[in-house]
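Protein chains in written order, with our numbering: chain A, 1 to 242; chain B, 1001 to 1291.
Simulated from the structure, these hints should not be mistaken for laboratory data. All figures in this text were calculated on a predicted structure; none of them were measured in a lab. Hints should not be assumed to be uniformly reliable.
[To be verified] Dumping the calculated DSS-like pairs for lysine-lysine here, alpha-carbon to alpha-carbon at most 25 Å:
1. 1161/B x 107/A
2. 185/A x 155/A
3. 54/A x 1175/B
4. 155/A x 107/A
5. 219/A x 185/A
6. 1175/B x 1161/B
7. 1175/B x 107/A
8. 155/A x 1175/B
[Claimed, not checked] Partial chain A-side listing against chain B, Cβ under 10 Å, derived:
9. 50
10. 67
11. 69
12. 73
13. 83
14. 89
15. 92
16. 97
17. 98
18. 100
19. 105
20. 150
A virtual CB, placed ideally from N, CA and C, is assigned to each residue, including glycine.
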Amino acid sequence: MPLLEIRNLVVRYGEIEALRGITIAVEQGQVVTLLGANGAGKSTTLRAISGLEKPASGDILFDGHSIAGLGPEAIVRLGISHVPEGRRVFPGLTVKENIMLGASNRKVSASQISREADAMFDLFPDIRTFSNALGWTLSGGQLQMVAVARGLMAKPRLLLLDEPSLGLAPVIVQAVFRIISQIRKDTTVLLVEQNARMGLSVADHGFVLETGRIVLGGKPDELWGNEAIAAAYLGGHAKARA
Amino acid sequence: MDLVLQLLFTGIGIGAVYALVALGFVLIFRATNVVNFAQGEFSMVAAYLMVVFSVDLGWPYWLSFLIALAGMALLGVIFNLGVYYPLRHRTYLPVIIATIGASILLSNSVLAIYGPQPQVLQGWFDTPGIQLGPVYLDSQYLLIIAVTILLVLFNFWFFEKTLLGKKLQATSQDKEMASLLGISVSTMIMITFIYSAVLGGLAGILVAPVLFVSIQMGSTIALKAFAATIIGGFGDVTGAIIGGLALGVIETFGAAYISVPYKDGFAFLVLIAFLIFRPQGIFGERVAEKA
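Work the whole structure out from these sequences, hints included.
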């Protein structure tokens, strides 16, 4: 049984159908990457899983149980942690406070949370020195580190990562993806990326979304092998020249 | 010089009341992005609750005080469920109009029960005050200042040192993100309304023996407190407290040295000056950074 199973999911924003019946499965322990252009429905898929958008029809099964229609607070308690687009680090709270609040879905003491947040800096040594800095003072790469660290504090069984590379310098992107390849040892990851090359480099499986539909799915090698798809979505021309 | 000290004491005393109500404004504004125009009525209702328990029923002052505050906490719950919660997914405009409606409902309900005659509430202490050198310290003003200091300290501890305070801050900064982390946004907003209602109620109970207990006392205090939040920098907790104290001192000195009938006008002159020359208020820039 897959950890996460999405069946014929339809999500509408008013008149607009953002997702037109997508079906994907994420197996326990995998990293699955959703690729696609702007507006293809990648973020909407994650927002529907975490409960920010209500499905118009279709079902979302987590661990075999339907979570479609539950609110975000209930879903994160089940073990799905969503690191949304734009990082959304609380600007008026410090780095450590931001990370500590990531454990709000679990019933643990404040001192235990504080210890766990300190331990999180072992995985993210670059932000350790900014522990007491307010969120708004950080750079994009630091914000991304804080956002992922905060997402991991939920001790999720499934981590949803939305565009972690967006707006970051190449060196920082590599650092972020090094962290993703470390996270995958304990956590299943559903990753949304526009940077197909990076996104597939860590993936076990990939799906390509186009205007609300899954147009292709398969192992990263198979996706690279499909020439038309590679040209359209994965930067195939660049690959051909290389 | 003696007069200056005396006026300073009185000004800080009345300013502390404005500060407490202003704090209620700011906390609800930060949590819901809406100005609660019934904040002043919280003070008025609490003062009337004191009249009911302490004067009409003759219960001990401290007991009436505790029950009145508990009543305010309950009013905070009802206000949240009845005024804010049904409209929480709408824009700020329907919510603001609903708070104005609630304010009219509260003052007219009290009017229907008590009539337009102002009521009198005794102060907490039997002794009217103490003479300290050249300055006469009114016992009720001393109490107001002491309670305000304690509450400001409590407020700082609560929002800066506790995890619940951090969750409340997170909710006011980004509700959707807070809910993604498992923070119950509706509970956080409920807590904010309860806390603000109790703060407003406390201000009303403390100032009632200094003023009369009347239907209008809420709107008078709320207008000054609203001016205080703008002077301090809207949305800033420290600004609300500093703004409230400054306003109390300014209008007291204005009344003493310039004109008593224009006492209420000074607050609004200062407000207009701020709106023209420094609309972001004293602590305004920090708010912009937080936004």
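Would you list, in rising numerical order, the hints stated earlier that this structure does not obey?
Structure breaks hints 10 and 11.
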